[in-house]
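Chemist: What follows is each chain in one-letter form.
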Amino acid sequence: MIHVRNRDLVIPGQLLAEGNLRVGRGAYREGDRIFSSVVGLAEVEERGVSVIALEGCYEPKMGDDVVGVVSDSHLYGWTVDINSPYMGDLFAQELLGKVDVFKVELGAYLRVGDLIFAKIGEVSTLRKVKLLARGPGYGKLKGGRLVEITPVKTPRVIGKRGSMLSMIQTVTGCTLKVGQNGRVVIMSEEEEKVSAITEALRMIEREAHTSGLTDRVKAFLEERLKENGGKEASN
Amino acid sequence: MIEKQRILSLLKREPLLKLLEQGRRVDGRAPDQYRPLSIEKRVIKSAEGSALVRLGDTTVLAGAKPKKMPPFPDSPEEGALIVGAELRPLASPTFEPGPPDENSIELARVVDRGLRESKCIDFRELCIEAGKEVWVIYVDVHVLDHGGNLIDASMLASIAALLDMRGPEDPAWKKEFSLKFKPVSVTIAKLGNSLLVDPCLEEEEVMDARLTFCVREDGVISAIQKGGSGYFESGEILRAEELAFACAEKLRRML
Amino acid sequence: MEEKKLLIDGRRLDGRAPNELRPVKLKVGVLKRADGSAYIEMGDNKILVAVYGPQELHPRHQQQPETAVLRCRYNMAPFSVVDRKRPGLDRRSVEISKVVREALEPVLFLNLYPRSVIDLYIEVLQADAGTRVAGVTACSLALADAGIPIRDLVAGVSVGKVDGTLILDLNAEEDQYGEADMPVTMTGRDKRITLLQMDGHLTREEFRRALQLAAEGCERLYELQKQALREKYASAPKEVTG
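Chains V, Y and A are the protein sequences, given in the same order.
Residue numbers are given in this note's numbering: position 141 of the first sequence equals residue 141, and the series is strictly consecutive.
Residue numbers are given in this note's numbering: position 3 of the second sequence equals residue 3, and the series is strictly consecutive.
Residue numbers are given in this note's numbering: position 82 of the third sequence equals residue 82, and the series is strictly consecutive.
Keep in mind the hints are simulated off the structure, nothing from the lab.
Keep in mind it's a predicted model, so treat the numbers as computed, not measured.
Backbone N, C-alpha and C fix where the C-beta goes; we use that ideal spot for every residue, glycine too.
Errors might be hidden in some of the hints.
[Said to hold, decoys possible] Stretch-level coverage of chain A by chain V, calculated; a stretch enters the list once three of its residues show a Cβ under 8 Å from a Cβ in chain V:
{"id": "1", "segment": "114-125"}
{"id": "2", "segment": "149-155"}
{"id": "3", "segment": "165-177"}
{"id": "4", "segment": "187-194"}
Only chain V is shown next, with the shape it has when bound in the complex:
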């Protein structure tokens, strides 16, 4: 028996459903009742219920793409801040391939403060996070502007089947590197575009729980870029 509708705003302790349904993220079971544990939007499916949180820290998951900030270096590689209670470990060979750490100067590749785009290879039970940064699109990000958003809202920045992200990139002509950990790097030096995209990201953050967002963000960007005499919108 389900007590909420899909996309209802729910709060911690709110009864979502009763019975033998599957309990997804953002929810928990007590006896035969399922409750929400966070503020978010209920996701109701035949098999179970879960809640898409509207706030929360980033919990590293294998396979996620993340934007990291190098925070320390050691003999075998680097420690990377991934905007999470847990730091990421990037071993030298996961960036450079087969390498002799005693012979190579790691500082030539990554320094403290550098931005990187990486994939989470593994998360141990002790929450040790192994990062992978080889392959096209991964590794050090040269230039670009970092914008931090609430991690749980990243899916909205990407959109259904990537629709929001590809719209932004098309309208502005800029590439965005989007990390599941709430970090977006705008790969552009053009100040007006960077500032327009940053505002668009804030708008997505604020209105993540509403519908029709992609259209409104598109309209906003087109207006802003027209104002600033930027690249002509594809109209």
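Fit chains Y and A to the supplied structure of chain V, relying on the hints for placement.
Modeler: Only chains Y and A this time, still in chain V's reference frame:
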């Protein structure tokens, strides 16, 4: 050391719960039964009142010493009571030397409230000269061996030390000073669905929470303190209150 | 201790009935830097709560390998009380920090974030009795604001006794001159008690009735908490202007 303690505690919760399902406690007691209790007074010569309490494996020593002091500004005609408590490092591998931590502060404040709110001391009797000088009674609790339930042991030791107090050789000491009430505290631990009085150390390490009632002989509750990271259902609180009153009188007779 | 009449014709000095709460204001998400925050006004209480975390816990040796550590710091600003309070930790604040932490631990899923720490800061900006329970009420909202999973909201209220009558939600005067002070916090759904203290004079019968009264107060606060959380997301999307 603390880590080892905690891991051992986790291993012990399941077996204790299993025993409780059969209505048994780890040391064979009934849920409403206290451990063997002994109270020895007049044990420290340098204190005007003192008591050594042994409650199971817990040993607590309390000393009561009156001092002549100026009164507090908002009560010029009244003496005062100041309660301190120390969890001495020798009492447990989990007690570290240093300034009082939250546990010793909580212990001191709970004992203080139990004594103060019970009105067992009439502070006006401690006045020497209004506005100028009063007696302040310091009760200091020294935990020597931590075998669980420090609150009840400390409360018993404090009251016993006060009862034991013979005035200092000082003409200003009122010979007629006496305690008006004998408050005792009863601490009840919640473990799963069971309520157990006087938790021993093993029970304390795995309990969900504890509830302490300080009660007077006339049935008045002077202080209550819930401790621990768990919760109580309201029905459990009422059952705990009944347990407290059932045990209080037996404890009081030992004083 | 002077005698002071705190109940006149069944009404309290501030005009309230015995079972009436003071005016309450709750706001969620009031600070920019904290991961979660909330603000509560209850009578003349003004209390700000912030949550940081979960984040990595330093020093390492304080980390718990399988759970997060919850740390709570209750603090009164020097100007929060008429008699200036010296800044810094005092014994009362240490005890309150402990009981507040223990009031919230039961609803947290600490095993979701091993080796990390969740820090709760309660700043009492203006005090008017009942600060610890008001603090817990706001902490629940701050935790929800931070997106930290919790089983339920926790709300708190104090019950007291003046002129032999049990009263709900003491103000400073009633706390000082009354006959009992019993702070209680309860989970929203099931009214499980997570904080309970009392000092004063209650008969067994009075204690039972006081618990009842507290449950009524907590229920009303729970409704206000739910409202405050929803309010944060209630605003319609802004019109995009050109």
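Chemist: Evaluate each hint against the coordinates.
Modeler: For each hint, the structure was consulted:
1. 114-125: Per the Cβ count (3), the hint holds.
2. 149-155: Answer holds; 5 residues pass the 8 Å Cβ test.
3. 165-177: violated (count 0)
4. 187-194: holds (count 3)
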